[in-house]
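Model the full structure from these sequences, guided by the hints.
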Amino acid sequence: MWLPLPRGPLSAEIIRRLRGSRDEPRVDVEAHHSADPVTDEDLQLALWVLYELHHRSFDGVDDRWEWDPSLLALRETIERRFETSLRERLEGQVRAAMDTTGDVATRLFALTGAFDGPAVAEHVQRRASREQIAELLVHKSIHQLKEADAYTWVVPRLVPEIKARLMELQLDEYGNGEPARAHQTLFAEALRGAGLDPTYGAYVNDVPAITLAGSNAVSMLGLHRRLRAAALGHLAAVESTSSVPCRRISAGIRRVGLGDEVAHFFDEHVEADAVHEQLAVRGICGALVAAEPGVDAEIMFGALVSLDLEARFGRRLLSAWSDGSQLTLRLDVSEAG
Amino acid sequence: MVRASESGDGVEIMVCPGGPRLVRGARHVVDDEGQTFAVHRPVVAVCRCHKSTRLPWCDGTHKLLPPERTP
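For the protein sequence lines, the chains are B and Y, in the order given.
Numbering-wise, my numbering puts 488 at position 28 of the first sequence, and it's gapless, one number per residue.
Numbering-wise, my numbering puts 223 at position 35 of the second sequence, and it's gapless, one number per residue.
In case anyone wonders, no lab produced these hints; they're calculated from the structure.
Accuracy of the hints is not assured; some may be wrong.
Simulated restraints on C-beta separations [said to hold, decoys possible]:
| id | chain 1 | residue 1 | chain 2 | residue 2 | range |
| --- | --- | --- | --- | --- | --- |
| 1 | Y | LEU243 | B | ARG540 | 45 to 55 Å |
| 2 | B | ALA751 | Y | ARG242 | 43 to 53 Å |
| 3 | Y | PHE225 | B | ALA640 | 35 to 45 Å |
| 4 | Y | ASP219 | B | ALA570 | 28 to 38 Å |
| 5 | Y | LEU253 | B | ALA556 | 18 to 28 Å |
Note that the Cβ used here is the ideal one computed from N, Cα and C, for glycine as well.
This is the structure:
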């Protein structure tokens, strides 16, 4: 993957540095303010680029940038704004989730079951055009091609019992020893089947901040030991809001005449995530609360980060579609797909 | 009713309240009619509400049922 195009001073500075030598004099990025970090194009792209240094990074970029203190300091500043905005926004909902009775599994299922998100999967099942489904795949490609990876960063931070439970789930994500069955690989096949580019990071220039924010949130929660409980809450929410929507999306894919190779990723998630939600909610989060009493609110926060960002993305996507428009920035999906 | 079978020791079965039965460590499951289904993952979720579109596996449909009809 090549470095993306900058979207403002923050991302321009980071990309400029990454293109050059690590030894060149550093220029501090001026204080950057935005009303909402989640929808700030420059901030989210800057953060996405910084996180990508920890994933698979970019062609022509020195690997040592990953642990460069000046970039880590910049990342911390951006992360603080991002995390603070999420905590302030979700504080009331975290409290409400904590006020419901029952153990952590009961609370998580109550939270994900009652959350009122936009009906993207229903729209895809019944009404979306082939171009709209291609556009959904473009947005999803930003994260699905590194699906599961950030949760793997959490493993060393856990006690052995929870490591074992998390790795059991992750093993399934990575194909149970068969690379062709790995979910990331299945998503690349879905892109190829829809006539889209399956290359890692191919569409980063085409998706807006809200799409990048969903991916950045997972990387943030996974990279910080401090946020390990929130990372596992995020995992639990993702898994327990997947089976039914994936079944609907799969039906929509077949309705518009896209083939099994596109639907297979979603079919696999119907079945896999019906298992994973139970493992993540009851096994992993349940065991985490037993091992580290008092982390319930952090688990709920992580779950709400997933639900909230997915809902905000979905509302924008459906709004664009209802206007006969698209949410992608530059790409014309009617030509791409 | 589906039973886990044919993997000898080490098969673990957990019933999820309101949801599926998790089966860990099985190589096959056999449904009421004697049909055998191969297991391809470390743990499988076997439907208990009988409404799944991917029987014998759970597909999350139990969440769409009214509370009195969940397993």
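Going down the list of hints, with the structure as the test:
1. Y/LEU243 with B/ARG540: 45 to 55 Å: 49 Å, holds
2. B/ALA751 with Y/ARG242: 43 to 53 Å: Violated, since B/ALA751 and Y/ARG242 (Cβ atoms, about 34 Å apart) do not stay within the stated range.
3. Y/PHE225 with B/ALA640: 35 to 45 Å: At 21 Å between Cβs, range violated.
4. Y/ASP219 with B/ALA570: 28 to 38 Å: Roughly 31 Å apart at Cβ, these two residues keep to the hinted range, so it holds.
5. Y/LEU253 with B/ALA556: 18 to 28 Å: 25 Å, holds
Checked against the numbered hints given earlier, this structure breaks hints 2 and 3; the rest are met.
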